[in-house]
Structure formats: C-alpha cells, structure tokens
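> Note that the protein sequences, when read in sequence, are chains A and B. Note that the first sequence covers residues 812 to 1032 in the numbering used here. Note that the second sequence covers residues 360 to 613 in the numbering used here.
What the hints contain is simulated information worked out from the structure, not anything from laboratory work. If a hint is listed, it holds; no wrong ones were tucked in.
Here are some, though not all, of the chain B residues that point toward chain A, as calculated from beta-carbon distances under 7 Å: (1) Gln605; (2) Asn606; (3) Ile608; (4) Thr609; (5) Gly610; (6) Arg611.
Idealized CB from N, CA, C, for every residue including glycine.
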Amino acid sequence: MENTHIVTRFDKDLNEIETLLVTMADMVAAQIKQSAQALQNGDDALAKAVSKGDSAINKLEERIDKKAIRLIALRQPMAEDLRSAITTLKVSTSLERMGDYAKTLSYRVHQVDNFTAIKPVLRSIVEMSEKVAAMLDMVMEAYVNRDLKKAMQAREADQEINDKTDALFRELLTYMMENPRNIEPCTHLLFISKNLERSGDQVTNIAEQVHYLVTGELLEE
Amino acid sequence: MQKTPLITAKDVDVFYGTKQALDKITLDIPEHKVTSLIGPSGCGKTTFLRCINRMNDLVDICRVEGQIEIAGQDIYAPEVDVVALRAHVGMVFQKPNPFPKSIFDNVAYGPKIHGLVSTKSDMEEVVEWSLRKAGLWEEVKDRLNETGTGLSGGQQQRLCIARAIAVKPKVILMDEPCSALDPIATAIIEELIDELRKKFTIIIVTHSMQQAARVSQRTAFFHMGNLVESGATKTIFTSPQDERTQNYITGRIG
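Let the sequences and hints guide you as you build the complete structure.
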C-alpha cells in the first residue's frame, strides 16, 4: 500500500488488523511445530502447553474479526480495502482451524507412547508438521507482500503434504495388519496425519485468499 | 447481455472558452439501466451529463465536439429540436426546484407546453400516473392545489422527478439528486430510482460512492476531463482496473 488514505485513521486500522493477523499466524506455526515435538519426545508438559496456548489464538481471532467488522461498518471500505477486510476475516478463520488441529494433536500425545514401531512414523509426522508450518510462513509472507507468485508456490506445496499423508496411511495400515494391538495407536496417528493434511488445505485456502486480495478474482478449484 | 446501447457518446470534447473540460469521452449507456458518473469535483462528470440534453447550449462560451447519439439519432445534428430533445431527456437537479405553483401544475406543466395532453381528464390521469411513479401520490393526493414549494425537501425532489417523467422521457439525468436530502429521503429516492429504471434509462451524477454502488448497474469514473474507467458497478467497486479509480473510491490521495 504505497498510497495512503486521506483519513489516516483508516490506514492505521487496516495496518493494525494485518499486523494482528501475522502475529496470529506466527503463533499457529509455533503451535504446530511444538505439538509435533511433544509427540516425538513424548513430552506431556509441552503437549499441555500447546493445548493451553490455543485459547490465546482463539481470542486473537475474535479480536481480529471484531476489528475487521468495525472497519467495514465505520469506514465502508471499497475495492482493495474491501478485499483486505474480507480477507482478514477469512484468513483468521483458517488460522483458527489450524490452531485447533495442533491442539487435538497435543491431546493424542500420551495415546501413542507404547507403540513399538513409532520412531519412523513420528519422524514422518514431525516432517509433515514442519512442512506445514513452513508453508504457513510462506503464505503469510505472500499475504504481507501481496506476492501472488509466492502464494501460488505455497498452494502447490500442499501436494507434497497430501502425498505424505497417503504414504503414512499405507504404512500405518501395514502396522495394524501386523498386530491388532497397534490398531489403537495407529488410529490416533492416522487422525494426526489427517489433521495435518487438513492444515495444509487451510494454507491452500489462505493462498487462494491472497489471490483474491491481489487480483479481485476468486480462484476456481 | 450486450444489447445496442441507448446512448452512445463518441470522442466528445467540451471546451469552456479555451479551457478543455472533457477530452475524447467515448461511453455507451445501456437502456433501462442506471449509470452513475463519479469522480472528484471538476472532473467533468456534470459537464458530460449536461451534454446529453444539450444544457450546455445555454452556456455561451461552451463548445461541444464529437458525437452523441440517442437511439441512433445524433442529438447535435442541425435539424434537432432542442426543446423536443429535452422532453425526451429529462433532468433532475441537485436542489429540488419546483415551480412556485400548485403541485398539480408542477406536474402538468411539461405535458401542457409540449402539447401531449388535450383534455382535462387526460391531464389528471398523467398527473396521477407521474406522481404515483414518483412515489408521491399517496402523500399529496388530497392537496394537489397546494403549492409545491410547501412540501418537504424529499417530497419536493420527488415532485421534480414526477415533473420530469410526466412528459414520458426516454432518459432521466440526475445531477446529485440526493445531496440536499436527509438519509431517509435519500433512501426513498434511491428505491424510486430502481423502480424507475424499468421504464426509463437513468444517468446519475453522485459524490457518494455508496450511493453509486447502491443504485447503479454501470459506473463511469471521470478524472480531470478524462473517462478513466467504465464498467459494471460491482466490478468498479470491488476490483477497479485503473489505479486512479482505485485511489479515488478508496479515499486515497491519487
């Protein structure tokens, strides 16, 4: 936004909302990484911290939405400003959902600790988590810089997450067939990988929202 | 969707003396739609509006070049009867300006001087039809002989709209018709505009972005005598193509 509004308070409001959204994304990325770490190390304390941390994210979402709604009501934004306000509402919803996924992951930490073949599976999950967190960073950078190319890169990166989810599914299936005792922990791990896959989809949603923000056109699937 | 436009303006230049007010304006106005003209003060939108019923002829130093056609007829052709043209292209102004006559006579004036109505009962019919179309009938039907200037601002403006449509024009030009009205009267006029477009083609000049967004289907943005951008209103207000449009409608310094 190289041009400033005649009403400077308008710029201030818009910037404030965008800054809060970036803060929220950073918090979510940290939650995703920490929940995976807790899982890998069987760290109950960290898992608890993640599950507690989610309420701060929810509060932030509420704050962002209230500010965006207020901006729409009081300033009646047009064109790029309107798209920006709508985008913050949608992105905050995606981020909140990703935060929820991290939280449910943290709940499952102690459910999988007696699973013998766990090491390689957990490594895959940590890799996926880091990948999703990196995609989130990338798409938020694209958002801040209105960078269409980067947004599309983040969107395409989701394919890798989907492939990893499929591979993990097949792997977990073999463990379950080997030994029925593995069914319970493996089912938890399946949910975890599914949630990470959904997190990747949320990054895709955000990328599409950036596309709308920049071009004014909705991306078709 | 693309029917033949009712009004086509091609390369319209307007000069006031040596000063050029409009520069090569080319714009199509579709029938039965509301087209809003927006832009900062002095951008030429009112000048353009006044070209469409040759109101600019009244300004001595004003010179219009280029071509404006309404339903295929060049309105600047020498054989054109300007009085008849203005019957076809009515105008509503910023400030309500009813004649200091009765409500009935305000509406009856146009049909009378244009010789559209001969009998008294026909005239009564036309006056009622016009006042009904303007959404004023129920409020004034019992006091048609009272003076028009005694009505409230919003009512006066609707009376002016009734007066404009009494001669059954094709086009109604509105120059900031709500700028002197309160929000309720404005809402009533806006509702009326949407109703009127079924019968007429409406071009409205407005300084209110929200009003343009609310009432019009097409929007044209003028800036410093140029037509910068025109298109579907919903596109102009969500994703304008030109940066100057973007800066204007979002309230940024251009």
